[in-house]
Each structure stands twice: as structure tokens, then as C-alpha cells.
Amino acid sequence: MPSPEDNDGQCSLVAAPGAGIELRSFVDGPRLERSSEAAAVSRHARRESRGVPTSRQDLVAALQGVARGERQAFELVYAATSLKLYGIVVRILGRRELADEVLQEVYVRIWRRAGDFDPSAASPITWLATIARNLALDEARRKTAASIEDHPEALQHPSSDDPSADHERNEDLRRLHACLDGLGQERREIVLLAYHYGMTREDISNRFGRPVATVKTWLRRSLAQLKDCLGQ
Amino acid sequence: MTEEDDIDGLAAEYVLGSLDAEERAAVDARRRSDAALAAAIETWERRFAPLSEQTPGTAPPPGLFEAVLSRISQRTHEPHRAAEVAALRSHSGRARRIAVAATALAACVAAAVAVWLAHAPSHAPTTQLAAMDCGGLYKDFWRKLDRDKYAKISAEQLAGVSRMALRAYDACQAGDEPDADALFGRLRRMRF
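Protein chains in written order, with my numbering: chain U, 1 to 232; chain R, 233 to 424.
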């Protein structure tokens, strides 16, 4: 049984046939003390930044393990998703110290609510990202309006370089961007700023120098157009 | 604009994140009892999901997972919490069964406390029992409120805080302990 230190940087998650999951190479073997567990998890998280091949099925199995109260599964979910969820939370909140608090709350909620996850209703990452976005938006609405900096990167089409993204998800993303493009540059920008940075109508109104009522009309029309374009 | 359009537009803006604090809280409350709104929200979450999946990752600070674990095990002196943590740490079937039994027991205790609080005279002590003392937590929040700090924030924010405290109390009374716990936790950590 390899110890964490033996790990050569490859950490593979294997869905065992029938039931259960096994995270090879760091949580097996003798129980680790809390501090070294946490260190192992952060090592794992660093590895994840280089791309852990965690498939959708693996994540579904892990969440089901969390629902049964399995700590190994919880560690795995954290290692596989904390980069993404922190990215989402940091963008919306802007400030790290707020984002840290909210990310903790996100994982406490995941631990407690994993039993509510229904794989037939949503992909695991969608379910997790929704929890992260909702808690981040709740927090953002509570803090005094921070000045919104320029966010030019929101307006790019980021390339999808996630090796685990499957074909179907890439296709959904391509369609969504095609429909966003159909809104025209300004309205597309508004929709993306609201989604990625949680900008309210008032924030958008200040940024674009238009009345709040106009922004609301733009948003509602843009969203209705998006819905028609996506046809679902 | 028909009502159906309005529900869909509201759901879309809720998911997009463009609603202000008051509207967002109103949608949160309404979605619990309005199936059409709840369904519209889920559909919009799916429509926008590819954007979230595409968001670039950012490494959380080291030690954050450790903090999550200690947050989960914070109230180990409460019997149901201790069992929950035991399940977290050993994930044995037995511990899980104990956790389930203890949680059920704790829910009964919480319900009994709620009934007792509702009928207790107003001068009765309200912070004696461990398991989710809704009245105690709620009163505690107002007692410890930093009035100077709250006098400086906008009326809208103050209303938001009051609403959150009420939601926490309602969730607690309804037995939705995780929600109540999260809301009271947020109230305690509130910064302006």
C-alpha cells in the first residue's frame, strides 16, 4: 500500500464494480491523524490542479458515499471539486476572506445535503456549483456593495481545456455561447457579468450608465431570447 | 406580460444573480411553496450550468478542508453532533446507525423544546438545553447585536438581516436544522 509520499503525482479514482469507490494512493491504509489528512487533501488538491481524471460517474459515486456519511468519499469530493467551486465563489465575492468562509459553508452543506442529490435530475458538478453560487450570491447580497472592478476576462470565450469535460457538456457550452452571441455584444456582456460576478441590476445600471428599469427590461428580454434560442 | 412569463423571468434573474437582496430573499421564500417557480429555477440552473463548469479554478487556501471538518464537528458536546462526527470519522455502518438514531432522538428533543418554549412563561430560562434551542438562539442573536454597527447600515440591509434571523428561527422551528444552523452561523459572522 503506497503512502502519500510514495505517490508519483498520479492519483486515480476507481469506481469498484458493484458498489463503493476507492481512492487509491492516499486515503487507504492506516488511519491518518487529522493534520496529516488535511495535508494529504491539500496535496491532492494541488495534484487536482494538474487534472485528476475524475469522471462524472466517479463523482456521482463519491456523492452517494458522502450521503452515507463516508469520510473518504467526502475527501474525494473536496479534492475533485474545491478548485472549481472556489473559482466560482471567488469570482462572485471578489474578496478572498469572504470566499474562504463561504467555501467552508459550501462543503458543510454538501456533507449534510448529499442525500438530496439526484443523479437523474442534474450532473454532480451542476448540483455542486449551484450550491456554491447560491451561497456566494447570498453572501454578496449581504455585504455592502463593493465597487465592481473591470472584469474583462468575463467577456472572453474561455477555451474549454478541462480534460474531463465530456463531449455532451462541450456541445451544451458551444450552443450556450452561440445563443449568447446572438444577443449582441452589450447584452451578452451584461448577462455574463451578472452570472459570473453576481452583478445586480443596480451594479449594471451604474456600470453602463442606464436606468435600472432599462437594465431590467434588457435582462428579461435577453433571457427570454436565450430560452428561445436554446429551445429547451 | 402573463404571470407565466413573469415567473420564468424571475427564475431566470434569480439564477443569473441579478436580483437585489430583497428580491432574492423573496424568491427564496416563495420557491418553497411555489412548484412552478421551483421548476423554472431548476431549468434555468441547467441552462446556465455549462458556464459554471467552464469557470477557471482557483486553489483554496491550505487548511480549508481541515476547517470544514472542524466546523462539522464543532458541537461535539451535543449527542447527535457527536454521532455525526463519529460517522464522519469512522464511516462504519454502526456509527451511521447511531447517528441516524441520535438525529431522530435530537429531533424529538428539539420538538419538545419548541413546545416547551411556546408554553413557558416569558421569564423562563431559554438556553438550558443543548439540542437546537430555537428561541435561545434567536434571542441570543438580538441580545448580542452590535447596535452601533447596525445603525450605520442601510435600511435595506437591516431588513435583510432581520429577515435572515426570522428565516433561521423558522427553519429551526420547522426542524430544518442544517438550514437553521447555517443561517445562525452566517448571522454570527456577519460583517459590514
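Rather than coming from a laboratory, the hints here were simulated on the basis of the structure.
Errors might be hidden in some of the hints.
Said to hold, decoys possible - Taking lysine-lysine and the DSSO-like style, the derived pairs with C-alpha atoms no more than 27 angstroms apart in a straight line are:
no., chain 1, residue 1, chain 2, residue 2
1, U, 216, U, 227
2, R, 376, U, 216
3, R, 371, R, 384
4, U, 227, R, 384
5, U, 216, R, 371
6, U, 227, U, 143
7, R, 381, R, 371
8, U, 143, R, 371
Practice task
Below or equal to 27 angstroms on CA atoms is what counts here, so check residue 227(U) against residue 143(U).
Solution key: violated (31 angstroms)
Handout entry: Pair hint outcome, residue 227(U) versus residue 384(R) [Cα-Cα no greater than 27 angstroms]
Key = With Cα atoms ~42 angstroms apart, residue 227(U) and residue 384(R) exceed 27 angstroms; violated.
Handout entry: Restraint status (C-alpha distance of residue 381(R) to residue 371(R) at most 27 angstroms)
Key = holds (18 angstroms)
Practice task
Assess, step by step, whether the Cα of residue 371(R) is no farther than 27 angstroms from the Cα of residue 384(R), and give holds or violated.
Solution key: At roughly 22 angstroms apart (the allowed maximum being 27 angstroms), residue 384(R) and residue 371(R) satisfy the hint.
Problem - Pair hint outcome, residue 216(U) versus residue 227(U) [Cα-Cα no greater than 27 angstroms] - result: Distance of about 16 angstroms is within 27 angstroms: holds.
Exercise for the section: Please work out if residue 143(U) and residue 371(R) have their alpha carbons no farther apart than 27 angstroms. Expected result: Distance of about 23 angstroms is within 27 angstroms: holds.
Handout entry: Pair hint residue 216(U) and residue 371(R), alpha-carbon separation not exceeding 27 angstroms
Key = violated (39 angstroms)
Practice task
Mind checking the alpha carbons of residue 376(R) and residue 216(U) for me, to see if they're no more than 27 angstroms apart?
Solution key: Violated, at about 39 angstroms.
Consistency note: the structure conflicts with the earlier hints numbered 2, 4, 5, 6.
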